[in-house]
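Here are the chains, one letter per residue:
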Amino acid sequence: MTRKTTLASVGAIAVAALALAGCSAGDDNPSSDGPIELVFWHGYTEADGDVLNGIVDEFNDSQSDVHISTEINTWDVIDDTLLPALSSKTGPDLVAMPAERFPVYAAKKAFVDLDDLYADADSNLSDVVEGAKAMTVVDGTSYGVPIGFVPLAIYYDKAAFADAGITEVPADWDAWVDAAKKLTVDENGDGTPERYGIVLPDHATVGNGVWPSLIYGNGGDIVKDGKAVLDSPENAKTLAYWHDAIVNDKISPTGVDGIEADSVFSSGKAAMTFGGPWMTFIAGDAGIDYGIAPIPAGPEEQAASAIGLTLSVTNQGDAAKQAAAETFISYLFNDDNAAAWSLGSGWPPLRSGISADAVADNPTVATLSQYTSFTRPLLPGVVNSTDVLSALDELTQRAMAGDDIASLLTDAQAKVEAALADQ
Amino acid sequence: MTVTSTRAYRPPAPLGGRRRPHGERRRTLTALAFLAPALVILGVFVAWPMLSALRLSFTDASGFGVEDWVGFDNYVRVFTDPAIRDSMVNTLWYTVLFTPTAVVSALLLALVLNSRSLPFRGFFRTALFLPFIVSLAVAAFAWSYLLDPRLGLINYWLQGAGIQLGDVLEDPMLAMPAVALVAVWKNFGFYMVIFLAGLQDIPASLYEAARMDGAGPWRRFTNVTLPLLSNTFAFVLIFALIAALQAFDQIYVMTGGGPYGHTETIVMEIYKSGFRKLDLGFASALSYVLLIATLLLSVVQFVFFGRREKDLG
Amino acid sequence: MSALAVTHPRARRRLRIGPVLAFVAMLAVTAFVLLPVAIIIFTAFKPTAEVNAYPPTLVPTEWTLDNLARILDELPFGRLVINSVVFAGGVTLCALVFDSLAAYALARIDFRGRSVLLIAIIASLMIPFQATLIPVYQLVADLGWINTYQGLIAPRAADAFGIFLLRQFFLALPHDLDNAARIDGAGEFRIFRSIVLPNVVPALMTLGVFTFVNNWNDLLWPLVFTNQAEMGTITSGLTLLTGPGGIIPYGVMMAGSLIAVVPLVIGFLFVQRRFIDNIATTGLK
Chain A
9 MTRKTTLASV
19 GAIAVAALAL
29 AGCSAGDDNP
39 SSDGPIELVF
49 WHGYTEADGD
59 VLNGIVDEFN
69 DSQSDVHIST
79 EINTWDVIDD
89 TLLPALSSKT
99 GPDLVAMPAE
109 RFPVYAAKKA
119 FVDLDDLYAD
129 ADSNLSDVVE
139 GAKAMTVVDG
149 TSYGVPIGFV
159 PLAIYYDKAA
169 FADAGITEVP
179 ADWDAWVDAA
189 KKLTVDENGD
199 GTPERYGIVL
209 PDHATVGNGV
219 WPSLIYGNGG
229 DIVKDGKAVL
239 DSPENAKTLA
249 YWHDAIVNDK
259 ISPTGVDGIE
269 ADSVFSSGKA
279 AMTFGGPWMT
289 FIAGDAGIDY
299 GIAPIPAGPE
309 EQAASAIGLT
319 LSVTNQGDAA
329 KQAAAETFIS
339 YLFNDDNAAA
349 WSLGSGWPPL
359 RSGISADAVA
369 DNPTVATLSQ
379 YTSFTRPLLP
389 GVVNSTDVLS
399 ALDELTQRAM
409 AGDDIASLLT
419 DAQAKVEAAL
429 ADQ
Chain B
689 MTVTSTRAYR
699 PPAPLGGRRR
709 PHGERRRTLT
719 ALAFLAPALV
729 ILGVFVAWPM
739 LSALRLSFTD
749 ASGFGVEDWV
759 GFDNYVRVFT
769 DPAIRDSMVN
779 TLWYTVLFTP
789 TAVVSALLLA
799 LVLNSRSLPF
809 RGFFRTALFL
819 PFIVSLAVAA
829 FAWSYLLDPR
839 LGLINYWLQG
849 AGIQLGDVLE
859 DPMLAMPAVA
869 LVAVWKNFGF
879 YMVIFLAGLQ
889 DIPASLYEAA
899 RMDGAGPWRR
909 FTNVTLPLLS
919 NTFAFVLIFA
929 LIAALQAFDQ
939 IYVMTGGGPY
949 GHTETIVMEI
959 YKSGFRKLDL
969 GFASALSYVL
979 LIATLLLSVV
989 QFVFFGRREK
999 DLG
Chain C
30 MSALAVTHPR
40 ARRRLRIGPV
50 LAFVAMLAVT
60 AFVLLPVAII
70 IFTAFKPTAE
80 VNAYPPTLVP
90 TEWTLDNLAR
100 ILDELPFGRL
110 VINSVVFAGG
120 VTLCALVFDS
130 LAAYALARID
140 FRGRSVLLIA
150 IIASLMIPFQ
160 ATLIPVYQLV
170 ADLGWINTYQ
180 GLIAPRAADA
190 FGIFLLRQFF
200 LALPHDLDNA
210 ARIDGAGEFR
220 IFRSIVLPNV
230 VPALMTLGVF
240 TFVNNWNDLL
250 WPLVFTNQAE
260 MGTITSGLTL
270 LTGPGGIIPY
280 GVMMAGSLIA
290 VVPLVIGFLF
300 VQRRFIDNIA
310 TTGLK
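Residue numbers (our numbering), protein chains in the order written: chain A, 9 to 431; chain B, 689 to 1001; chain C, 30 to 314.
Treat the hints as calculated values from the structure; they're not laboratory data.
Computed from a predicted structure; not experimentally measured.
Some hints could be false.
Residues of chain A clear of chain B, computed beta-carbon distances all greater than 12 Å [claimed, not checked]: (1) D69; (2) H75; (3) A118; (4) D135; (5) H211; (6) V237; (7) K258; (8) E402.
Which chain C residues face chain B? A few, computed with CB under 7 Å, are given here [unchecked claim]: (9) V53; (10) T90; (11) A98; (12) F127; (13) E217; (14) V242.
Sample of chain C residues lacking proximity to chain A, with all beta carbon distances greater than 12 Å (derived) [said to hold, decoys possible]: (15) L63; (16) L64; (17) A78; (18) A82; (19) R211; (20) R219.
Heads up, the beta-carbon is just placed ideally off N, CA and C, and yes, glycines get one too.
Extracted from the complex, chain A is given alone in its bound form (with noise of 0.2 Å):
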C-alpha cells in the first residue's frame, strides 16, 4: 500500500516537471518589460553574412525596443526545417529564403501581408525595383521584400577570349555562337574539345535561370499570367537553335547540370559559363582572370532571368512582433544599410534610388547593376514552381539530346498545365 502511494507520487512529480519543463521553455514572453526578442533566420554564411549580421547589430544597439538574433544556417538547411518550425510554433520572426521557395510558403499563409508597409512612405519601400517585387506577390498580394536579386550573367575567362582574338562581348546569339565557335579548341582532334567556348548545361541549372533567360531572348515565356505558355514556335525555334549549336558546333559540353557546370569553368574547360556574383569567387579561387558580360540579346529581346532571395516576415509571433519585424526592414532598406548591404552581399542594390556612385566601390556589382533593367524573376507568384522546373530541365535536358522537340514541347506543356492546376 505505502509502495503503491510512493509510486504514484513519484509519478505525479515526473508529470509535473514534464509539465513545468514544457511551460518554461519557448513560449513567448508574457512581461512587456524588456525589449521585443525577434529570431532572423538566413543562410547567407560566407563574408555577406558577416555585413549582414553587423546590419542586424548596428538595428539592437540604435534602440531598444527590439532585439534581433540571428541563426544561420545553409538555405538547403533552412528549407528542411522550416517546415517542422512552423508546424510547432518555434519558427522565426524573419527568414530569407530563396524565392523559388517563396510562392508555396506564401501560399500557405506562412508569411504576413506587407502591402500596407509597401504604401507606408515612411518604410524606404516606395522604390523597390520592380522585378524583385514581382518575386513577393503571390495571388496579387506582396508577402516579402526582396533581399537579393541578380540577372544571370556570362562569367568569362579573358585570357582565352584574348588568345582567340576576340576583342568585344558577343552582343547577340549569332555573335554568342560565332565566339564559341573560336573559343573552342580541339589541338589533339580526338573530337572531344579540350576547351569548349562555353558550358551550356542542359538541366539543373544555376538558378533554373539559364533556360528561361535563351526563352525570353527569343521572346518565349514559360507561365503567363498564370497560364502554361511553353509550348509555342518560339520556344521551338529557341531549342532547335541551341541544340544545333552545341551538337553540331560542338560548343559545349553535353549532359550538364549547373553545379557541374560551375567545376567545368573554374577548371578552365570552358571559356564562358553562367553565373551569379559568387562566380567571382570561384574564378578568383582558381585563378582566372575573369571578365562579366551580360547574356546575349536573342533575335526578339535582351533578358537575363534573375537569381533571387526574398525576406518575410513569419505569422509566429503576435502583431507586435510582427510590427518589430516590420520596422527591421525599413531599416534595412533605408539609403545607408540599402547600399551597404548592396556592397557588401557583391548584389546590385534593391531599391532603384540608390545612385550608381553609392555602388561604385565592387566593380561587379557595379557592372551587374547595369543589366537590372532586362533582368527578370523566375515564375513569379507560381506556387507549384517544384513541378513546373521539373519539366523544364526534362524539355531541355531531352531536347539536347535530340528527342523530337515538338513532341517534348507538347509533353512539357501538359505537365506545366497540371502543375499550375494543382497550386
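Since the structure of chain A is provided, determine the placement of chains B and C on it from the hints.
Quick look at chains B and C alone, frame taken from chain A:
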C-alpha cells in the same frame, strides 16, 4: 545430440483441468513490466505520431496554418496521379534490384567467412563491414564521384579497357541499378554479420553427422544450413525489403530522382509533397499506402518462410 | 576435420582448390568494396585542383592538410564531438536496455495479445520517417525539448528494429537453462539478467554497433531537432561548410566525412575484438 526446445515455456497442465486465468494474469503483468519502458517511448514517440499522420492523411494540412478535412481525396490521388504511379513502379524495380542482391551476396560472403579454412578472416570481416559505417550521404557522394563521366575513376579505368560507360547517373537504363548498387554496397556488411551470427548458432555436430551420412557440401548446405538458417533468412529478407521500399537518401544525393524521374521512388515523392510542396496531408496518405503495401508484402513473405519454420517441428 | 580428411582423400583434394578460389574471390570483392572508402580517405587529402583534374587519380600526387584545417578552423569541433557522443551513445545505451527487456517479453513470456503487439511494433517500421517527422517535432517542441539532449535521445530510446532483432536472437536460445531456473522458482527478471542476457552478448553488440553508427551518421534528425550551432552533431555541423554558390568542395566534404568516420572505426575495431571472442564461444553447446 541434445534435444533443444524452441518453444516458450508453458507450465504443465494441472491435473483436473486447466485453470488459465491466474498464471496468465501473472505472466501478462510480468510481460508488461518488461515491456513498459519501450512501450512508453514507442507509444509516445512512434504510435502517437503515426496516428497523427493518419489523421493528417484525410486533410489538406501543410503542417502549419489552416487545414480542412478532405476525406479520401488524397488517397484517390495516390492511385490516379501518373507521377505517383511511376514512382511505385520505380520503387518496385529498385526493390527487385536491391533486395535479392543484398541478401544473397551477404549470405554467400557469410558462408565463405564462416569456413575455417579462410585465412585473414578477421581482416575480411572488418573490411566488408566498413561500408556500413560510412554514412549513406557520404557514400553517395563518393560513388557519384567515382561514377562521374569526366572525373571518375571507374569511367577512366573502363575506358582504358575499351568500355565507354558514359554518364551512368544520367542514363535512364543504368541510373537505377547504380543507386541500388550503392545501397547494396552500404548494407550487405550488416546483413552478412547477422547471417554470420545465425551460422555460428548451427552446431558443428549437425554437419559432422551429415558428413558421416555421406552428404557432400551442397547437400549439407540444403539439408543443414538452409533449414536452420531460415529464421535468420526471413528476418534479413524482411528488413532488406523494408529498406528497399523506403529508399531515399542516396537517390536524393546522386540523381535527385532523375534522369527524367526514372529513379524517383515513393519516399522521394513523400518528401517532395511534404517538404517542397508543403502538402503534408497528401504525403501522409502516400506514406500510409506504402505502409499497407509493405505490410502485405511482409505477410506474404512471412507465410512463405514461416511454413518452413513449422516443418522443423 | 582432419580425421575425416585422412579417411576420405577425395574430400581433402577438394578442400585445397576451394579455399584458394574463395580467398582470391574474397580479395577481389574486398578490393571493390573498399574502393569508395579509399576515395573518401584519399580525396580528403587532395587539393581542390586535383579533385577536379583529368585524368583522375586515386592516390593524391600532392597531399594537403588544408581540407582538414578548414573544418577544424570553422567549426566548434570539440563541442560537436561531445554532442555526437552524447547523442549516439545515449540512444544506444537506452535502446539496448529497453529493447532487450521488451524483446525478452515478446520472445519468452507467453501472454495475451503478444502477437498483436508484435505486429504493431513491426508495422511501425513500415512507415517512412518523413511522414512522422512533423508530428514528432511538434511533440518534442511542446515538451520544450528542442535543442536539448533529451529531445534528441528520447524519441529513439527504444526502437522497433532493435526489439525485433533481439527477439530473433532470444528465440534461437535453447530453453533448458531458464526452464530449469523457472521450475526452481527464480523470478523472471533474475532469469533475464543472469541466464539469458549473457548468452546474447553478440546480438547486443550487433545492435549496439548498428544503433550507434546510424545515430552518429544521422544528418536530418540533429539538423531538425537542434537549431543552434553548439548543439549540433558532427554531421549536422558539416553542413555549415559551404563555399560560394552554396556548394561544399569535394575535398572538404570528404575530410569532414573522414573525421566523422574515424571514431566509429576505432570504436568498431575495439568492439570487434569482443565480437570475435563471443561469436567463437556461442553455438558450441
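Hold the hint about F127/C up to the distance rule: shortest CB distance to chain B must be less than 7 Å. Holds, because the Cβ-Cβ distance from F127/C to chain B comes to roughly 4 Å (cut-off 7 Å).
Would you say R211/C is clear of chain A, with no C-beta pair closer than or equal to 12 Å? With a cut-off of 12 Å, R211/C remains clear of chain A, as the shortest Cβ separation is near 25 Å.
Since A78/C was said not to touch the interface, does its Cβ keep a gap of more than 12 Å from each Cβ of chain A? At roughly 8 Å from the nearest Cβ of chain A, A78/C sits no farther out than 12 Å, so the non-interface label is violated.
Would you check whether A98/C satisfies its interface hint, that is, whether its CB is within less than 7 Å of any CB in chain B? Constraint on A98/C not satisfied, violated at 20 Å.
Whether D135/A stays farther than 12 Å from all C-beta atoms of chain B, as the label says: Nearest chain B Cβ is 32 Å from D135/A, so the label holds.
Verify the interface restraint on V242/C: the C-beta must sit less than 7 Å from at least one C-beta of chain B. holds, 5 Å
Taking C-beta pairs only, is K258/A more than 12 Å away from all of chain B? holds, 16 Å
Measuring Cβ to Cβ, find out whether H211/A lies farther than 12 Å from everything in chain B. With a cut-off of 12 Å, H211/A comes too close to chain B, as the shortest Cβ separation is near 7 Å.
At 12 Å, judged by beta carbons, does A118/A keep clear of chain B as stated? At roughly 6 Å from the nearest Cβ of chain B, A118/A sits no farther out than 12 Å, so the non-interface label is violated.
Under the criterion of a CB-CB separation shorter than 7 Å, is T90/C in contact with chain B as hinted? Violated, about 14 Å.
Checking the smallest CB distance to chain A, is L63/C really beyond 12 Å? holds, 26 Å
Least C-beta distance between D69/A and chain B, which was stated to exceed 12 Å: Check passes; 33 Å lies beyond 12 Å.
Of the numbered hints stated above, those contradicted by the structure are hints 3, 5, 8, 9, 10, 11, 17 and 18, listed in ascending order.
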